[in-house]
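J.: So you can see what is in the structure, the chains are spelled out below.
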Amino acid sequence: MAAPTATIAPTVETRASRGLWGDALRRLVRNKPALLGLFFIIVFVFAAVFATVLAPYGPLEGTLADRLQPPSSEHIMGTDSQGRDEYSRVLYGAQVSLVAGVASVIMGVAIGGAIGAAAGGIGGKVDSVLMRVVDVMLAVPGILLAIGIVAWLDRGLPQIMFAVAVVNVPIFARILRGSLLSLRESDYVTASRALGAPGSRLLMRHMLPNSLTPLIVAATLALATAIIDVAGLGFLGLGPPDPRTPEWGTMLTESTKFLRVAVWLLIFPGGAIVVSAIGFNLLGDGLRESLDPRMRR
Amino acid sequence: MTRFIVRRLLGAIPVLFGLSIILFCFIHLLPGDPAAAILGQHATPERVAAMREYMGLDDPLWQQYLRYLNNLLHGDLGYSVINNQPVLKELAFRFPATIELTVAAMIFAAGIGIPLGRYAARHAQSWSDGAVTVISLLGISIPVFVLGLTLQYIFAVKLGVLPAAGRIDPRANLEIRSNFVLVDSLLMGRPDLFMDGLAHLILPAIALGSIPLAIITRITRASVLDVTNEDYVRTARAKGLGERRINARHIMRNAWLPVVTVLGLQVGGLLAGAVITETVFGWGGVGRYVVDGIGNRDYFVVQSTIMIFAVVFLVVNLLVDILYAVLNPRIRYA
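Chains as they are written, first to last, in our numbering: chain A, 1 to 297; chain B, 1 to 334.
Take the hints with a grain of salt, since some may be wrong.
Okay, the calculated bits of chain B under chain A, using three or more residues with CB under 8 angstroms as the criterion [as the list claims (entries may be wrong)]:
id	segment
1	62-75
2	130-142
3	151-157
4	261-274
These aren't lab readings, by the way, just hints derived from the structure by calculation.
We treat Cβ as the ideally placed atom computed from N, Cα and C, and that holds for glycine.
Produce the entire structure from the sequences given, and follow the hints as far as they go.
T.: As structure tokens, this is what we get:
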């Protein structure tokens with residue numbers, strides 16, 4: 001069979017593609033909400049990493065004589081009921097939220113990804129069994145599952161991370177399985193299967209790299225919920241075992257006792273949670289739009 | 001249709017079965033002696049021995065599991081170690097409070113979210129569409145407890161127009177029959193208590209409904225936009241149908257499907273959110289019960305509440321699937 005020689009001349013001059021990620025990046029830097037999100041995230045990460053330098057006081061340092069002082073030049077976010085500087089505690093709180101949020105999402109992606117890859121890659125009985133396990137996990141609504149796990153494993157930061165990770169496992173597993181299933185029937189996978197590529201090579205070299213984009217988007221959005229869930233556990237009294245730990249959710253629990261007299265104890269830790277969640281939500285939405293331009297409206 | 005319902009019902013069984021195994025392990029894999037762990041460090045040896053007997057801890061694990069399953073199916077959810085009351089009784093008493101709150105939150109979320117999403121879709125790319133997008137972004141980014149405390153501060157502490165916490169004025173002598181405040185007050189023929197109950201419901205319902213509101217708005221907007229661009233809508237417009245008719249008959253009928261699915265999925269989120277909302281607003285429902293249970297290490301309470309929430313969630317999802325099949329005949333034959 002003769003090779004086709006005629007080519008269709010493009011009617012519109014298009015810019016050269018720089019590959020999936022290059023193109024996505026180009027679209028992302030033009031997406032203003034996503035850049036705003038990225039800015040919030042940078043502020044959040046900067047606060048966490050340089051808390052020791054930026055904080056004027058230690059997170060546990062304070063005297064009762066200074067308790068419940070409103071924001072002033074000395075304490076720009078006021079002080080709490082123990083006289084500790086709220087600004088310093090919000091900064092140190094970013095460390096807890098960042099570490100717990102990122103660790104739980106990484107754990108969730110690893111476990112959920114492994115389940116999803118096995119289910120979507122192997123298929124058959126393995127798929128049915130794993131998906132039933134995922135169904136069971138999905139049957140317990142979000143934070144309740146995390147609450148149950150922390151109640152069982154006892155309080156502690158590693159337990160919180162694990163609990164929040166488990167909440168995310170079924171979500172990641174389903175996403176990866178879904179995209180693997182749709183790829184299994186695609187022409188290029190059929191072609192490499194026909195060429196005799198073994199199953200493991202098909203999965204690792206051809207299918208997984210092409211199914212990671214939805215997982216990356218979901219992981220970015222999950223960071224927002226992870227930060228909220230970690231704070232939620234703290235708010236319910238299931239935060240780090242040492243109640244003095246500067247954790248945003250635990251700090252908010254204290255604010256409830258002083259809502260009438262010290263609203264700054266609500267505004268600043270609450271604002272910190274909201275700003276970091278907005279950051280990851282905006283970036284996640286932006287990533288989704290730039291990786292899949294059809295999503296854009 | 002019956003076959004579809006039966007198939008979905010059968011599908012829920014393995015999930016409940018799996019969950020029962022996990023929740024059984026939850027109690028039986030507690031570190032150390034589970035009986036001692038359940039009763040706490042101040043329990044007398046006699047009470048520990050009685051608990052070991054009740055739980056049958058000396059039997060093989062599979063026998064213990066079968067007994068647990070048998071108890072579960074007979075409605076024996078164990079006893080609270082705090083007041084020695086059957087957990088089922090307490091759950092049955094508190095459930096109406098949680099239902100009242102979640103239904104109110106859902107009415108708030110759907111009642112505002114659907115019209116808002118439709119409005120944004122009709123004015124796509126305008127500044128008002130942008131404003132709706134910002135509102136829904138805030139909705140998913142503000143945790144229930146932050147919003148709840150903020151609402152309390154503004155409307156109860158500062159403005160003093162709405163009560164900060166509780167389900168009804170503590171001085172009101174409401175006769176509890178169904179434990180739905182709104183129903184009981186009407187049964188008593190006391191519209192004043194009904195209004196008081198309603199006032200207590202507003203802030204928690206808004207706090208709890210904010211995330212579903214954001215999600216419903218987004219989905220409605222996207223779904224309406226999707227359908228609006230369909231060929232048959234253009235055809236309807238081309239043949240001169242009125243906008244109102246196009247909206248009702250051509251756009252909304254097809255745009256409902258994803259919205260209904262999301263409404264169902266939000267129920268799980270609402271139940272989970274109720275745990276936190278009830279803590280913020282001192283609302284005596286099931287969510288508060290489980291949080292208190294954790295604080296008191298009342299394991300049977302935690303175990304049973306999770307089970308009940310999962311059952312409710314599965315039932316609601318089943319109902320949504322059925323509604324979905326009614327709305328979209330293609331599903332039934334898939």
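J.: Indicate, hint by hint, whether the structure satisfies it.
T.: Hints and how they fare:
no.: 1; hint: 62-75; in the structure: violated (count 0)
no.: 2; hint: 130-142; in the structure: holds (count 5)
no.: 3; hint: 151-157; in the structure: holds (count 3)
no.: 4; hint: 261-274; in the structure: holds (count 5)
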